[in-house]
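Engineer: Protein chains in written order, with my numbering: chain G, 6 to 258; chain V, 36 to 358.
Possibly wrong hints are sitting among the right ones.
[What the hints assert, rightly or not] Listed next, the in silico EDC-like pairs over lysine to aspartate or glutamate satisfying Cα-Cα at most 20 Å (straight line): (1) V:K339 <-> V:E119; (2) G:K148 <-> V:E115; (3) G:K148 <-> V:E334.
[Unchecked claim] Far from chain G by the CB rule (all over 10 Å, computed), these chain V residues: (4) D47; (5) S77; (6) E115; (7) A129; (8) I153; (9) R172; (10) D241; (11) H255; (12) S275; (13) P282; (14) L310; (15) R313; (16) S316; (17) E350.
[What the hints assert, rightly or not] Restraint ranges, calculated between C-beta atoms of paired labels, are given here: (18) V:T50 <-> G:K117: 50 to 60 Å; (19) V:D289 <-> G:E60: 42 to 52 Å; (20) G:A78 <-> V:Q243: 32 to 42 Å; (21) V:E351 <-> G:V64: 51 to 61 Å; (22) G:K134 <-> V:A317: 54 to 64 Å.
None of these hints come from the bench; they were simulated from the model.
Idealized CB from N, CA, C, for every residue including glycine.
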Amino acid sequence: MIEIKNLQANVNTDEGPIEILKGISLSIQPGEVHAIMGPNGSGKSTLSYVLAGREDYGVTGGSVSMNGEDLLALEPEERAAAGLFLAFQYPVEIPGVNMSTFLKTSINSIRKQRGEDELDALSLLKLMKTKCKELGISDDMMKRAVNVGFSGGEKKRNEVLQMALLEPKFCVLDETDSGLDIDALKIVADGVNALRDPKRSFLIITHYQRLLDYIKPDVVHVLAGGKIVKTGGPELAQELEKQGYAEIIEAVA
Amino acid sequence: MSAFPVPLDGQDLPTSKQEEWKYTNLARALSPELSNKRPMVSEEVFIHRSCGGNGGQVEDILWEGFEGQHQQPRLAIILEEGAELTVIERHRGAGAYWKNMVTDVTVGPNAKLHHIRIVEDSAEAVQTNMARVTIARDGVYDCFSMNAGGAMTRHQIHAVLRGPNITCSLNGVNLLKGSQHADTTILMEHQAPHCVSNQFYRSLLDDQSRGVFQGKVHVHREAQKTDGYQLSNALLLSPSAEMDTKPELEIYADDVKCSHGATTGPLDEEPLFCLRSRGLSADAARLLLIQAFVNEVLEKIPNKDAREEVRGKAEEWLTTRLK
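Next comes chain G alone, as it looks inside the complex:
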């Protein structure tokens, strides 16, 4: 189970720290999909970075635990080994590092941290081939540098590929729908749906309801001004789409 309790965090800027998250609490049971929706500047991406452990964000209060383990006490790589996965809103380009090297190193780093045997080159190749096929990723893409020259759709598919290969327990998807056309969105959503599992939890961060047509959430939260202002079922997303954020946020204020 994922438990976020009264989480408060700052982003460190050149002008000093700015408070972004002002006390977020939510718990996600294994197998559940939660969505966080909110207007720009509400703290959605900050939440994802704080969970993954980016250094330019400072936690000032609260706690995050994953199956009883204190997530905030871990380094980013330890969080990954513990089973956290963040699908980036803007996947970063890594010139000079090709996809297959990146994936192999990543898989084995995590296996090593988990005390599992590292996979040999042949098993890795087989594993990658199978997963790539499932996601419609060509072998040619494996030879290219990570995200360099990838289209928006390819970048997001690549995130889902990594998710599939690393077998996380808790997946955070940060605006995975941004920059995707409807076909790419469907492929990405299918990939995520294929990973839904009674033991795996999802937190889907999005601005638009559209993604939630394809990945059905169990619970929807509305984030505004660094706080969760409303929580409901999937129908809340529909409501937001109809009425807009302003009305709902005003109603609870």
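Put chain V on the given structure of chain G with help from the hints.
Structural biologist: Below, chain V without anything else, positioned relative to chain G:
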């Protein structure tokens, strides 16, 4: 030909008042004993090819330096029409010495010279190398320098593209640590139309090391359709390392394509975080990113064996630095 070598008396050394020596203080790098010393009668290597060959031919040269020497070696390479050759030049040594070298390269019409320099001079050595390169029509000259040695090295190249349809590529990697200083100064002179020139250098600077890149592309009025490219990327591995870059274009023709770029800075945080979020330790992520930075320029080495050799050396340098 000059007369018998005479001592310099420290008087003729360039100073920082001369624009092209602004960032490199040779007088300070040389001990008075060395700069005042009468140069020894030094080795000359002369390579001449008059006909084609299959291009697989390799000349492998070793220049060694020893404590207290003031050497003035000369390397002359002449390829006549249609000849092709790979020259690998290695620099090693022990103790403090000054290797003041001249390289004369003449690439004939339709000839191809692949030149690889692996500089691993001793930690106290000074190497100054003036390379004068002239290339005739349809000729190809590519030079890759791996520079990991010496207290101070200066590799100065003056390439003159004399006929049409020439390709000249000057590439290199600098691996610097301690208080090493490495200077690459290039003048690429396009005198004829339809030529392509490339410069691509990458530098890793650790500790208090200092790198200098000065590259100038000079396009003469008659050199229409020139395609000139120049890039220097420096990665600072320590806050006290320094890189001075001065890319320059001087263009007198009105139908050319020339570009230049230079970057200097530490590793980007974003890819570092991305790799860590995928399970790599901070050290492993750094190593992978720095290897990638270096490997991209090593791709420019045309000779496969030499490429693997340089890759191995770079790898070794990195793993001892980042342990």
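Engineer: Which hint numbers doesn't this structure obey?
Structural biologist: When the structure is compared with the hints, numbers 2, 14, 15, 16, 21, 22 turn out to be violated.
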